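**Student:** Residue strings, one per chain:
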Amino acid sequence: MARAVGTLDRQGDVVPASRRSVTALRGAGLLVALAVLVLVALLSVALGAKPIPLSEVVDVLVHRGTSNEAVVIWELRVPRTILGLAVGAALGLAGALMQALTRNPLADPGILGITAGAAAAVVVAIAFLGVTSLVSYVWFALVGAAAAAVVVYLLGSAGRGGATPVRLALAGTAISAALMAFIQSITLSHTDVFDEYRFWAVGSLAGRDETVLLQVWPFLLVGCLLALGLGGALNAVSLGDETGRALGAHLGRTRALGAVAITLLCGAATAAVGPVGFVGLTIPHIARAICGLDQRWVLAYSVVLGPTLLVAADVVGRLVARPGEVEVGIVTAVVGAPVFLALVRRRRIAQL
Amino acid sequence: MTVVTAQHADPRLPGRALCVGGLSFRLRARTVAVCLGLALLALVGAAVTLSTGDYPIPLPDVVRALVGDGSQASTFIVVTLRLPRLLTALLVGAALGLGGAVFQSLTRNPLGSPDIVGFTTGAASGALVALLIVKAGPAGVASAAVGGGLATALLVYVLAWKRGVQGYRLVLVGIGVSALLTSVNSYLLTRADVVDAQYAAAWLTGSLNGRGWEHVGPVAAALAVLVPALLLLGRRLRMLEMGDDVAKALGVPVERSRLALIVLAVGVTAVATASAGPVAFVALAAPQLARRLTGEPGVGLVSSALMGSCVLVFSDLAAQRLLAPTQLPVGVMTGAVGGVYLAWLLAREWRSGRS
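Going down the list, the sequences are from chains A and B.
The numbering of the first sequence is this note's numbering, which starts it at 1 and goes up by one.
The numbering of the second sequence is this note's numbering, which starts it at 1001 and goes up by one.
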């Protein structure tokens, strides 16, 4: 390269100066996003039915103490915020992973049938096994999500062509429709199940104490690590099956590992707070708008932006209807939908 | 009037061009056979629906009752109870199939059905507001559903407008708006009394239970106007499928045709939703099922409508009889059966390596 002005990296390749500055810019952007996330998390601890000044929040967080504020913060708001952070990161990451794997800008836990699988399992648990505690939902939701993911994947990859984006989306839609009908047939004939289900199905961080988080965190952690490790492989996948294979990518392995990560992340997150839409759909689009198409950066940004959106939405939900609150699933939809629509109008999303 | 037939030029699409006066149609033997077969199937479904149930009536008695020559009991059961429900199923199915076919063809996407483009969810939101907040009666709920659906469709179209409406953007915007409305719907359901909420949820499933002649009239009248208009515009639909540039070059006013087609498709779907609720999956599955039977490259309007009727009639039959005396809403059946059937069909087709 005649104009390669730059330094040598570890492999001895020439790294152009422009690429280095892009990397620096992306890193700086990630730090800014991280700072925003910390601020949002602090606000989540400070704001609510009883607002607490930020200075006092910091003081209580550092020194603990026994005041009323300390009890509110440590017993209620900190667990809730941490749960929000964990679930937001999981959903953002799962969305990014799913969109990269299926090369489908519409991929979302809902479209690939995973949410429906979790919901169907939870409904069965409530209706036929007498499960009423949130903690026990987790296991059923996880099994349901995994089963739905496996069925959708098997169906999508039947035959010679393998699991193409369109096949996966169609398979997911078909399985979802069948599962939703199943859920309806149960909820329509059992009033008590319907009553329980409608509050879970709206997606909320309220009333989920730390036992829920204690149940799901191992799944979320494994899912996160697995997802973040796939960044490089996803870059090869994003070039298309033939090119990816020619570049030596293990497409089957990447897809299988990705599916495991998605199931862990979505299943655990959905079990913990119910189906929260739009985080998984919107966050990867925002991430790509900021940092471009390199999947490693998209994943990193999604981990930071996902919880920012979810926790901010939770804070807004607590503020708009004081002393009651609007569930986080509603707020993410109301906040996420315009962002998503703006992106759809602005960028050529169809070409991922 | 002269009728001229000519061999079609394209060898991949064997068929005959049928010219009647100034109009010309292309007829394909397989498509015609499939349409006739579907019509026959719908007729069989109708016969079974009318003659079986808690009070079985032999087929000759059904026919006698239909022509006004039967006993009082069988006339009451057939003409007052079973026939309106059957006709609602036939008409609603056809309307959903048609609406789905137009949307899928316009968006050039098998997922671009009214269910996905936000219309159904919008109708549900309208109905929920009427049911849970205004506490309206059945007529109010139906008109609120149509209003909600139309407003959502208009909103989606306006939001997707950017120097014209591109199919893919329409689907994406529809998905966004529909996801937003889905959460609004579940929010409304959590804020209501549990009995009201469950009634609303039953309506949202889509049901043909207790449909009488007062439901058949409006659907039939609306379809009598909308369907011929849609079939006439069907030719432009074919050209729009080839892409905007080609269609423009062929002299089709692209944006105007697309808007007219969308309005008509939303119209038929709205009418169907008002009388049976948002029945899941028929609009999505019927055109795809019909296309696989006819083997045509695109979705066909007539075959999709007939397929929609068949799907709904047989789903309703199963919903009534399967768990008798419990009467499931037909939406549960279309969702379950349609979903499983589409899954099976996709798997079979992919395994044989045809797509």
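Hints are computed from structural coordinates only; laboratory data are not their basis.
Every value quoted in this text rests on a predicted model; they were computed, and no experiment measured them.
Where is the CB? At the ideal position from N, CA and C, for every residue including glycine.
One thing to keep in mind: the hints can contain errors.
Partial list, computed: chain B residues near chain A (C-beta under 10 Å) [claimed, not checked]: (1) L1180; (2) T1182; (3) V1195; (4) T1205; (5) V1216; (6) M1333; (7) Y1341.
**Student:** Could you tell me which of the hints above the structure violates, numbers in ascending order?
**Tutor:** 5
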